[in-house]
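Enquirer: Keeping the supplied structure of chain A fixed, place chain B upon it in accordance with the hints.
Going down the list, the sequences are from chains A and B. Here the first sequence is numbered in the working numbering, starting from -4 and rising by one per residue. Here the second sequence is numbered in the working numbering, starting from 440 and rising by one per residue.
Derived by calculation from the structure, the hints in this document are not laboratory data. Check the hints yourself; a few may be wrong.
[Stated by the list, open to error] Here chain A is said to cover these stretches of chain B; the calculated rule only asks that three of the stretch's residues, wherever they fall, bring their Cβ under 8 Å from a Cβ of chain A:
1) 527 to 540
2) 652 to 658
3) 883 to 894
4) 903 to 909
[To be verified] Quick list of the computed label-pair ranges, beta carbon to beta carbon:
5) Lys108(A) x Pro894(B): 25 to 35 Å
6) Gly553(B) x Asp104(A): 20 to 30 Å
7) Ala609(B) x Glu195(A): 53 to 63 Å
8) Gly761(B) x Asp83(A): 37 to 47 Å
9) Lys775(B) x Asp83(A): 29 to 39 Å
10) Lys225(A) x Lys858(B): 57 to 67 Å
[Stated by the list, open to error] For lysine-lysine, the following BS3-like pairs were computed, each having C-alpha atoms within a straight-line distance of at most 27 Å:
11) Lys108(A) x Lys596(B)
12) Lys223(A) x Lys670(B)
13) Lys132(A) x Lys550(B)
14) Lys225(A) x Lys670(B)
15) Lys912(B) x Lys132(A)
16) Lys108(A) x Lys550(B)
17) Lys108(A) x Lys549(B)
Since the structure is predicted, the reported quantities are computational estimates derived from the model, not experimental observations. For every residue, glycine included, the Cβ atom is placed at its ideal position computed from N, Cα and C.
Letter by letter, the chains look like this.
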Amino acid sequence: MAAAAAAAFPASSTFNHSSTTQNPSVPSLSSLSFSRKPVSSVSCPIRSLESLKLNRCARFLSAAAPSAASSTASAATTFHGLCYVVGDNIDTDQIIPAEYLTLVPSNPDEYEKLGSYALIGLPASYQSRFVEPGATKTKYSIVIGGDNFGCGSSREHAPVALGASGVAAVVAESYARIFFRNSVATGEVYPLESEGRLCEECSTGDVVTIELGEDSKLINHTTGKEYKLKPIGDAGPVIEAGGIFAYARKAGMIPSRDA
Amino acid sequence: MASSPSSSLLVEKKDVGLSAFRSQAATFAVSAPASRKRAAAKIVSVMAPQQSERKPSTTGAVKTGMTMTEKILARASEKSQLSPGENVWVNVDILMTHDVCGPGAFGIFKKEFGENAKVWDREKLVVIPDHYIFTNDERANRNVDILRDFCTEQNIKYFYDIKDFGNFRANPDYKGVCHVALAQEGHCRPGQVLLGTDSHTCTAGAFGQFATGIGITDAGFVLGTGKLLLKVPPTLRFVMDGEMPDYLLAKDFDFAIAGATYKAMEFVGSTVESLTMEERMTLCNMVVEAGGKNGVVPADSTTYKYLQDKTSVPYEPVHSDGQARFLSEYRFDVSKLEPMVAKPHSPDNRALARECKDVKIDRVYIGSCTGGKTEDFMAAAKVFLASGKKVKVPTFLVPATQKVWMDVYSIPVPGSGGKTCSQIFEEAGCDTPASPNCGACLGGPRDTYARMNEPQVCVSTTNRNFPGRMGHKEGQIYLASPYTAAASALTGFVTDPREFLQ
Chain A
-4 MAAAAAAAFP ASSTFNHSST TQNPSVPSLS SLSFSRKPVS SVSCPIRSLE SLKLNRCARF
56 LSAAAPSAAS STASAATTFH GLCYVVGDNI DTDQIIPAEY LTLVPSNPDE YEKLGSYALI
116 GLPASYQSRF VEPGATKTKY SIVIGGDNFG CGSSREHAPV ALGASGVAAV VAESYARIFF
176 RNSVATGEVY PLESEGRLCE ECSTGDVVTI ELGEDSKLIN HTTGKEYKLK PIGDAGPVIE
236 AGGIFAYARK AGMIPSRDA
Chain B
440 MASSPSSSLL VEKKDVGLSA FRSQAATFAV SAPASRKRAA AKIVSVMAPQ QSERKPSTTG
500 AVKTGMTMTE KILARASEKS QLSPGENVWV NVDILMTHDV CGPGAFGIFK KEFGENAKVW
560 DREKLVVIPD HYIFTNDERA NRNVDILRDF CTEQNIKYFY DIKDFGNFRA NPDYKGVCHV
620 ALAQEGHCRP GQVLLGTDSH TCTAGAFGQF ATGIGITDAG FVLGTGKLLL KVPPTLRFVM
680 DGEMPDYLLA KDFDFAIAGA TYKAMEFVGS TVESLTMEER MTLCNMVVEA GGKNGVVPAD
740 STTYKYLQDK TSVPYEPVHS DGQARFLSEY RFDVSKLEPM VAKPHSPDNR ALARECKDVK
800 IDRVYIGSCT GGKTEDFMAA AKVFLASGKK VKVPTFLVPA TQKVWMDVYS IPVPGSGGKT
860 CSQIFEEAGC DTPASPNCGA CLGGPRDTYA RMNEPQVCVS TTNRNFPGRM GHKEGQIYLA
920 SPYTAAASAL TGFVTDPREF LQ
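One chain only, chain A, in its complex shape:
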């Protein structure tokens, strides 16, 4: 079975080198996928996080059989909710200050705690707290940033803290490579790149929808404007698979956990 999988995913055709080709259609979806049906309710952004939470927690559930994740297996992926806008050079110390790095992400309790500290390192000039004091989840499911988002440390605690707090996707002008890579490897947040400076177009609290597909875009319902997003590129297959481990299993590099 592993050999068949390997033959189905020969290394040379695994990645789309051209950035204009779109993601291959996603094979049969389990709860371990980003696809979900669009959420129509504006007043309940938490609902869009449900199946995402299951995606992230699947790592800690031995038999993930969530009943709520009745997502339609479509190739399009949608995120919807309130956005939180930050500036350029949001480094990992602002995303999760070093004093919290004693928390181990693979420990479920400490994972939740990390979420409660997401973006707590932002200076006082940011008037809205990302996670309210005492809470572990944020009401903002999309973070919009400028240049060089995630610069600084290789600490995976950064995308993990964002994901644990409830962030579904980050839309930034550009990323630091280790943060981008960690987001892809873990599947914690979907790292998207905007065309231009969305951080100057959107405001914290705007209601936005992100639609990924042939032409990915972000729709700001509060301002009524739409913006083009860059294709995910080479990272697409890894994200679609659900992270580096799932991807490697699909490619037959490592046996499935049940094997």
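Expert: Below, chain B without anything else, positioned relative to chain A:
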């Protein structure tokens, strides 16, 4: 040449493209791996996907010259030819982790490969506690225990353990800062692939190898398979020529390089060749701050001499082909460079040290993988010696490793009549050199020595100065070379070291 901070320090910049480019170092052919030892450890879970190799003889494809980064990755992925942009599964020679990321990486490894899984090679994982060591923080202490439990269970050969936090010298295995320890313990070798769960893993590129930082999920993957999926970066070439002025250090070069996101940075030129290994490490250390994926300095006699007494593991150095294609080339005449600082709150916010002389400071910190090595302390001592005066602000000294600490207390400083660094530091009124670890470079738990717990202004030989980096969110950190840091300690203001060194 004009050297105001806003104008480029680059003398000449040109896109090399396909034009022939002579590498400074001799071109070594990548020899066939004659006696390369295959990993003897039992690897149960890896099966490389089918690779359809296009043999040049069948396609008539011409073999293109490769940069040393491309060559290292080609060899490590068992391919004869690689181009930037390709994603390949690479064999890892060394994986390093520390107390902050190790527990997470081990947790992921067990969850993904099973509770009874064994690491791919017990001799290729190097576990170095260094980040939050000398603290009463229970979780931090627990994390070192987690490292120990895992290393014991897996029979890991290289675990630089510490149990007695009250007296670092009572721990014979303990080293200190991972990137310096990796070099000192002979784990950095030309031509190899070294990955670490720390952004400054790029430091090891000083040894002519591919070295970069990864997260704990990627590390968990490497633990089980010994491989990682990497994208081949294009290479930027930085040519540094000219005689190194005696007031400049490699740290000042770090402020001159930028705009390297996702690229390999290759450092060549007569100046680079004149640098010691520790200075080359400082040069490669801040590649990540420039956005780079990895930095490389071609291996030469300096490298081989350094490694002579440190490793007996065979290695095959790799050098860029004469026909290698570089994305861009930048040339520097180092004799025109001046001491610089990075002002709050970004390593990119660079300025000439002499233009910041009105900035009053509250403290100076000399330490970390960037500026806490033996030669960094020797450099600081040189400035204190030249001045003969006492520091005007608290000056914290944190040697990177036990070896550095011992050097500080034993090596005589040239021109001092036999005094050691420690004696010079004491006479200058600095704090006593502290227990070796990462210390306050990244703040850490509240009780970390020299952590900035109030909004103060600090000149530091460390690598990042984002808000809150050393502790307090409103702290102001000026990154500088050890010369500049020592000079600033003496005046109580940000100070160009030429005030004391000329």
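Enquirer: All hints, please: hold or fail.
Expert: Against the structure, the hints:
no.: 1; hint: 527 to 540; verdict: holds (count 4)
no.: 2; hint: 652 to 658; verdict: holds (count 6)
no.: 3; hint: 883 to 894; verdict: holds (count 3)
no.: 4; hint: 903 to 909; verdict: holds (count 5)
no.: 5; hint: Lys108(A) x Pro894(B): 25 to 35 Å; verdict: holds (27 Å)
no.: 6; hint: Gly553(B) x Asp104(A): 20 to 30 Å; verdict: holds (22 Å)
no.: 7; hint: Ala609(B) x Glu195(A): 53 to 63 Å; verdict: holds (56 Å)
no.: 8; hint: Gly761(B) x Asp83(A): 37 to 47 Å; verdict: holds (40 Å)
no.: 9; hint: Lys775(B) x Asp83(A): 29 to 39 Å; verdict: holds (30 Å)
no.: 10; hint: Lys225(A) x Lys858(B): 57 to 67 Å; verdict: holds (59 Å)
no.: 11; hint: Lys108(A) x Lys596(B); verdict: violated (33 Å)
no.: 12; hint: Lys223(A) x Lys670(B); verdict: holds (26 Å)
no.: 13; hint: Lys132(A) x Lys550(B); verdict: holds (25 Å)
no.: 14; hint: Lys225(A) x Lys670(B); verdict: holds (19 Å)
no.: 15; hint: Lys912(B) x Lys132(A); verdict: holds (23 Å)
no.: 16; hint: Lys108(A) x Lys550(B); verdict: holds (20 Å)
no.: 17; hint: Lys108(A) x Lys549(B); verdict: holds (21 Å)
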